[in-house]
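**Student:** For reference, the chains in residue letters:
4 protein chains.
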Amino acid sequence: MTDYPMDDHWHEECGIVGIYGDDRAAEQVYLGLYALQHRGQESAGIAASDGSCMEHHKGLGLVWSVFADPAVMPKLAGHAAIGHNRYSTRGKTTLINAQPILIECRTGKIAVAHNGTITNASQLRREMQESGSIFQTTSDSEIVLHLIARSRGGDIVSSVMDALKQLIGAYCFVFLTRDTLIAARDPSGFRPLSLGRHGDALMIASETCAFDIMGAEYIRSVEPGEVIIIDRDGMQSMMLPGVERKSFCIFEHIYFSRPDSLIFGEKVDKIRRRLGKKLAQDSPADADIVISVPDSGNTAALGFARVSGLRYEIGLIRNHYVGRTFIAPHQDKRKLDVKVKLNPVSGVIDGKRVVLVDDSIVRGTTMRQIVRLLREKGAREVHVRISSPPIMHPCYYGIDISRHSELIASEKSIAQIRDYLDADSLGYLTIPGMLGTVDNPGDYCTACFSGEYCTPIPREFDKYCI
Amino acid sequence: MTDYPMDDHWHEECGIVGIYGDDRAAEQVYLGLYALQHRGQESAGIAASDGSCMEHHKGLGLVWSVFADPAVMPKLAGHAAIGHNRYSTRGKTTLINAQPILIECRTGKIAVAHNGTITNASQLRREMQESGSIFQTTSDSEIVLHLIARSRGGDIVSSVMDALKQLIGAYCFVFLTRDTLIAARDPSGFRPLSLGRHGDALMIASETCAFDIMGAEYIRSVEPGEVIIIDRDGMQSMMLPGVERKSFCIFEHIYFSRPDSLIFGEKVDKIRRRLGKKLAQDSPADADIVISVPDSGNTAALGFARVSGLRYEIGLIRNHYVGRTFIAPHQDKRKLDVKVKLNPVSGVIDGKRVVLVDDSIVRGTTMRQIVRLLREKGAREVHVRISSPPIMHPCYYGIDISRHSELIASEKSIAQIRDYLDADSLGYLTIPGMLGTVDNPGDYCTACFSGEYCTPIPREFDKYCI
Amino acid sequence: MTDYPMDDHWHEECGIVGIYGDDRAAEQVYLGLYALQHRGQESAGIAASDGSCMEHHKGLGLVWSVFADPAVMPKLAGHAAIGHNRYSTRGKTTLINAQPILIECRTGKIAVAHNGTITNASQLRREMQESGSIFQTTSDSEIVLHLIARSRGGDIVSSVMDALKQLIGAYCFVFLTRDTLIAARDPSGFRPLSLGRHGDALMIASETCAFDIMGAEYIRSVEPGEVIIIDRDGMQSMMLPGVERKSFCIFEHIYFSRPDSLIFGEKVDKIRRRLGKKLAQDSPADADIVISVPDSGNTAALGFARVSGLRYEIGLIRNHYVGRTFIAPHQDKRKLDVKVKLNPVSGVIDGKRVVLVDDSIVRGTTMRQIVRLLREKGAREVHVRISSPPIMHPCYYGIDISRHSELIASEKSIAQIRDYLDADSLGYLTIPGMLGTVDNPGDYCTACFSGEYCTPIPREFDKYCI
Amino acid sequence: MTDYPMDDHWHEECGIVGIYGDDRAAEQVYLGLYALQHRGQESAGIAASDGSCMEHHKGLGLVWSVFADPAVMPKLAGHAAIGHNRYSTRGKTTLINAQPILIECRTGKIAVAHNGTITNASQLRREMQESGSIFQTTSDSEIVLHLIARSRGGDIVSSVMDALKQLIGAYCFVFLTRDTLIAARDPSGFRPLSLGRHGDALMIASETCAFDIMGAEYIRSVEPGEVIIIDRDGMQSMMLPGVERKSFCIFEHIYFSRPDSLIFGEKVDKIRRRLGKKLAQDSPADADIVISVPDSGNTAALGFARVSGLRYEIGLIRNHYVGRTFIAPHQDKRKLDVKVKLNPVSGVIDGKRVVLVDDSIVRGTTMRQIVRLLREKGAREVHVRISSPPIMHPCYYGIDISRHSELIASEKSIAQIRDYLDADSLGYLTIPGMLGTVDNPGDYCTACFSGEYCTPIPREFDKYCI
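Residue numbers (our numbering), protein chains in the order written: chain A, 8 to 473; chain B, 8 to 473; chain C, 8 to 473; chain D, 8 to 473.
Fair warning: there could be bad hints in the mix.
Which copy is meant is left open, so a pair is good if it fits within one copy or across any two.
Quick list of in silico lysine-lysine cross-link-like pairs, DSSO-like style, CA-CA up to 27 Å [claimed, not checked]:
{"hint": "1", "residue 1": "K340", "residue 2": "K284"}
{"hint": "2", "residue 1": "K342", "residue 2": "K82"}
{"hint": "3", "residue 1": "K340", "residue 2": "K116"}
{"hint": "4", "residue 1": "K340", "residue 2": "K274"}
{"hint": "5", "residue 1": "K253", "residue 2": "K172"}
{"hint": "6", "residue 1": "K172", "residue 2": "K419"}
{"hint": "7", "residue 1": "K340", "residue 2": "K82"}
{"hint": "8", "residue 1": "K274", "residue 2": "K342"}
{"hint": "9", "residue 1": "K277", "residue 2": "K340"}
{"hint": "10", "residue 1": "K419", "residue 2": "K342"}
{"hint": "11", "residue 1": "K172", "residue 2": "K274"}
{"hint": "12", "residue 1": "K342", "residue 2": "K116"}
{"hint": "13", "residue 1": "K274", "residue 2": "K253"}
{"hint": "14", "residue 1": "K274", "residue 2": "K82"}
Rather than coming from a laboratory, the hints here were simulated on the basis of the structure.
Owing to the predicted nature of the structure, the values given are computational and were not obtained by experimental measurement.
Construct the entire structure; sequences and hints are all you get.
**Tutor:** Structure (structure tokens):
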């Protein structure tokens, strides 16, 4: 399995896909997961139902390798399926937390795949343990399954509604029973979830780029608080109790989603280009060329170049054949990781005053190495420009959680960060500047920049571990 | 992974080991599992606790291969550990049912390993599902964990007692919590479980051959209905409500256990030799030599030879390097399986009247091939002698369950079986003859021979599947 | 192992690296191979010498995975090492042809790694077989080793010189003996080879991007016909008999080499940008935006945009997590391969007249799919622009050889290709136009465009196979 | 892959199989290799020809695992095939020396598989290197292929004859060309080789147990010095120049061959039983029971029991599920290896005076552990009896070569060995005693016991290594 040791970015925890009404449901989900691979590379899985029997398969690794054995896909027969890509959040590569999770309960078998983080998970878990439940994983998905199983709601739909009403936090779920597909998005709408169609089949996916590969057309976003039920009788929509305001994750536009996706009703590449343009207006640089940290900074760098009038160049070459690099005891792992992955193009860099655009800085360690590499290749000046505000607070809504101490902007001033990076100048977007690029700025969560969380955060956000 | 396609034998489902009070608990459990590998070859696992943290590792394959990565064992630190070998009972090789299962519940983390079959499992599962439980596996172990978690018993020990009281059927459990090891054997005592000691450490194992490799001395059997609790304060023994009579599995002596083990207070190789002697008395054969089907018939064949005065010879060579044999479409799998695994020694067989001893016959297909092989090598006569009575009924107490239709003795008379095998004569032990070889014949279950089951058997013994 | 089923490109067969005088020679070669991974992904290997003992390790897969086992690198001790990346040229994934090949002969042990194709290999092989040689591989490297072993030249250097003089065709070699590193480039200079330095160590690599990751500085190209000998006494240079004119492979600039490399004395990204500029001059398009096929068309597209004044946009997103995709029987493999790998950004494409830039077209099947995808996303017009002339002839100098019938430009006119691609217009560079972008156009081979081969090509260029 | 760390035995280096005239030649060879697995467990391979094309496949591991991928066998089409099992002789597990080796030379493609050791290999290799040959492996097979390729003999048969005449030492070869199978056994006849038939097909195998599984009947031994050529015209036999006397390896009877094989015209199990009987006559013991070290001592122990009148018992249980055992740093590897593999049956041993029979002692370390285990289980006395004379000299004829210092009998007297083993008594066979058990004692090599080698042994029997 490949891993990506260098990557100094926040990571989405998951991508999810669901489909109902296609004779080759699992194959379609497989393609959808392929398109959502950037949202999670540690494990992948698919559950499928043919109306009477439900099967699932999951494994560690990229989608293509988990399903590389040609004997696997044919076993996932049926007209309905859900799938999941997972990013490891706890440094531990283990199959136990891979999804979908498939269980049997009072109402029969249910499989679930989840993207997000339930902020009252610990409390719910504690309560359910008190009243006799057991937990085999640390996954929020297991919690929602318990809630469904315990509901006295009657049928599966009311049980799911019952369960969801008890959740606080960020979630997008796809559930599969023998004959029903259910998709749900939390009332704040933290994570994106979209609805698509191909022929008679209806599709659900974290991002619309999954629809493109599945040959489906985009219908609309699943609304915040919406629960969509799809079965042989068609599609039905129900709403969970509302919240004061929406809290779309702005980082989906900044970095998480693919630029070819439509997210929260807006095209990611458009927003990302606007972020670059705004950055050029607010933090111009007296320089010769604009380059990006590939591929995360590409689109914003194009926007920056447009507005600044500076030439856009490809100044860093990224090696895509990177896996778990052998590190000798005497070597500096971080330095090596960057060198293995990125190489400056000296013909572009040498003697130039360079604007270097990326989307965000977490610890700053990688950016520091990149600045150093550029200087070694002859860059006269390096002006770092970041197409988002400084990340100063952890995110509790579906991201690989960092502690404050791991966020350089939480510990240092911008000037100090500039010095740490050894950059000639450093420019971030402001929060208002960033919000000016989207249509409905009031609908977004900016907690990681502002510290203003949209939900109560449990004091001890200590992840239990099994 | 190796598999054993030829084997026409009933199979034990599992072997279990536990230890408390050894700084290298997991290493000792590993050795114990090595010795119990014959009880289950599909998966293996160990859970260990150092008093504050509990870790576990499990995988598909033989013990040595599951723990071959040198990075694994060092992670299983602590003074207490349990382990499990599992034999696949449902044709499906899957990690989900591997044990130990480790969960978190009200009283903290618990791991469990199980040998046996809970006959009221379906009913308990149905009841718990009704009241809101979810099931991720088809394992009886998950059921007992639910019962423990739901118990209002206060501490872990009373919860375990509570849970066990609700179980019907055959079980030996080892439980591990952060600071306690608990071992339990059902009141009928179907499966063997022994207690051993090495220095300050106390050990639990399905068979005493595990103690030999662990360097431990045998203390005594865990009694039917006994629950042993071991923690820093030492060992404590409690009893579950009794049953009318004990039901030791006689097949442990006939075939399941290793001849170097002490089971139900008796030495397996002694009983097995007595079975062969009794067989020679009851079903003598006018022949030249006695040979065995290696290795299952070896000890009984020695007994048969002793009493009959016939020469014991090694007439069949077993190939121990056998794995998943490639079978071309045109080949007869069963025939090939036998040929790959066994070869007659023509110098021993040619021109001889042969007594062929084995412990049991399930479907008869393998034995038929062996008789054919012996005849091809010049055997003048082949007299098949079986050191147990005809198996006529399925076992519901911890064995890979067969249907009646898969038991040749359930469908055919002894004369018909002889004809099917193409043997010159066929002799089985009688039930009384068999029981005469053990000290307390009244303590044994003979259901698979007599059909007299010691517990109610649910009409639909249909295994749920996930 | 990942593979890249979609890729409709010619492929370099190999990348090579050598180093002498670094205590961690193998580690450095490993890094160099990492940087040269784009030149070959099927197998990788390293041979190292500490002056008395030579070890080697090779395997199928990417560099990182071949050397992922932490026990491997420490075995490759010594101050001198060579390495090799290989691209499979015969559809057969086999370890037997992996390099370096390590043999023992009269002068001791020799390891060799090779990039290129010896055009008189069949003839040499036939001759040597006639006089008693045996061949275990189909590799040209084995041929040169035989020639060395048969040489009566005295020492290893004269034996190597002897051997090389008999070769016709394209080659860059690195040889390693216990105490000497030898690098050689054919007199025509088809393939690039560079010399670098880091401290006391001297390095050889196919491309200078390897030096960047090794922390080395570029000294100069190994000259066409030059043989460089490096040992404890330093470096020595010898020349093979010259040829009429040089024949640098222009495709190294067009596609093979990384843009951050310096090749044939010129910076690849500069030439590549010039090719795009020239293309814009010669084949302008009345369009709205310029996009590239990532990553092969990126730099040329930037050049095209500059000169044309059209906006450069990122219009296709490439999925880098692609492996051996599961293909169901009913699916169109080629179509799926493209969809899995590339997705148009609808916000960029929709309603636009698009210039689509790539470096070359081999069969045209992939390009046709891409045009279709763009049209589906709303492109009003698609103008395909190729930054090289039509490929009309096979290459016999180190490339995965195609037959004429596999080259669309060999079978169809440009107008026919345009129709096949369903493009609104199609523009290629002319040969003179292409040659105008390099400093010494007379030094380049253009055989694949013009059919004018620089060496005799054996009529039967039939590859022997073992 | 499993390995067998405990085994303190000499090991055969290889087993070979060949077949001509069966449409499923490779399948038959596969079965033959299965039966010969005891002769080599490190690697396995098959080469097959359909008259025009030759393919081969080889890999590390047991036969079943090397050919477990169902895609492999169908590729080995044709009516002729050869196969090979190899035992690693140099502690290094490497694919490079796996056989068959397939090469192309003047006369076309040839594959070869070899059992034995060419004692003048170093000299031949040196000479051929001097005249320009290269060597990629350390295998004797490569040497013979060079000799064939260099022969001016005209056709392949005369070339093979030419080559073989230059060899000194022990060898059995099977060669495969596109249309011919050739088998050869050295004039001294060190290693066994047999000829069999099944329908129109002719078979060659190291041992006749391979014929049993292939459904073939034994015809006769390939004679010492005989070369058998099989092609579409049938079978032809030629003789190499003779030697003074034959030198059959007596150790094939003592330990190497399977007891169900016919070797050198005699049944192995018969000889092995006679060795035990002779041992009982020459070295009787005042004891209660006879047990064997399974499985190597089984047959001799039966013979010992017969003559001595003592009861034969199964006193040691061997665990056949043993692989690469995890060894913690603090553990004694050798001690653990024995414990994991063997366990005494206390009911058999306790209070008894035990005769312990095995076939040979190399270093004595394992036997010492076994004696200790028996004493721990209550054996009152342990009388070790060995069914061969003390091994005092290395073997240079196809065995994993030991140095004198690794042979306990080369360093210590019998009394000293007894003390080292902590045995109550120790008895070996004498050389005449041993030879008395075979029909033609003058035909056997006893060099490892007597030091009288049948061929000149090069002073420096230093194995070159690649």
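**Student:** Under a CA distance limit of 27 Å, which applies to K277 and K340: within one copy, between copies, both, or neither?
**Tutor:** neither (36 Å within a copy, 32 Å between copies)
**Student:** Can you tell me if K274 and K342 fall within 27 Å by alpha carbon in one copy, between copies, both or neither?
**Tutor:** between (35 Å within a copy, 25 Å between copies)
**Student:** Within a copy, between copies, both or neither: where do K172 and K419 come within 27 Å Cα-Cα?
**Tutor:** Answer is neither: 40 Å inside a copy and 61 Å across each miss the 27 Å cutoff.
**Student:** Within a copy, between copies, both or neither: which one fits K340 and K274 at a CA-CA cutoff of 27 Å?
**Tutor:** neither (37 Å within a copy, 30 Å between copies)
**Student:** Checking K172 and K274: alpha-carbon separation at most 27 Å within a copy, between copies, both or neither?
**Tutor:** Neither, since 30 Å and 61 Å both go past 27 Å.
**Student:** Checking K340 and K116: alpha-carbon separation at most 27 Å within a copy, between copies, both or neither?
**Tutor:** For K340 and K116, neither the intra-copy (46 Å) nor the inter-copy (35 Å) Cα distance is at most 27 Å.
**Student:** Measure nothing new, just compare the shortest in-copy and cross-copy C-alpha distances for K340 and K82 to 27 Å and report within, between, both or neither.
**Tutor:** Result: close only across copies, 21 Å inter versus 42 Å intra.
**Student:** Could you place K342 and K82 in one of the four classes (within, between, both, neither) given a Cα distance threshold of 27 Å?
**Tutor:** between (45 Å within a copy, 24 Å between copies)
**Student:** Give the relationship of K342 and K116 under a CA distance limit of 27 Å: within one copy only, between copies only, both, or neither.
**Tutor:** Neither, since 49 Å and 36 Å both go past 27 Å.
**Student:** Given identical chains, is K419 near K342, meaning Cα to Cα at most 27 Å, within a copy, between copies, both, or neither?
**Tutor:** within (22 Å within a copy, 50 Å between copies)
**Student:** How would you classify K340 and K284 at a CA-CA limit of 27 Å: within, between, both, or neither?
**Tutor:** neither (35 Å within a copy, 40 Å between copies)
**Student:** When no copy is specified for K253 and K172, does a C-alpha distance of 27 Å or less occur within a copy, between copies, both, or neither?
**Tutor:** The answer is within: 16 Å in one copy meets 27 Å, while 52 Å across copies does not.
Going through the hint list in order, the structure does not satisfy hints 1, 3, 4, 6, 9, 11, 12, 14.
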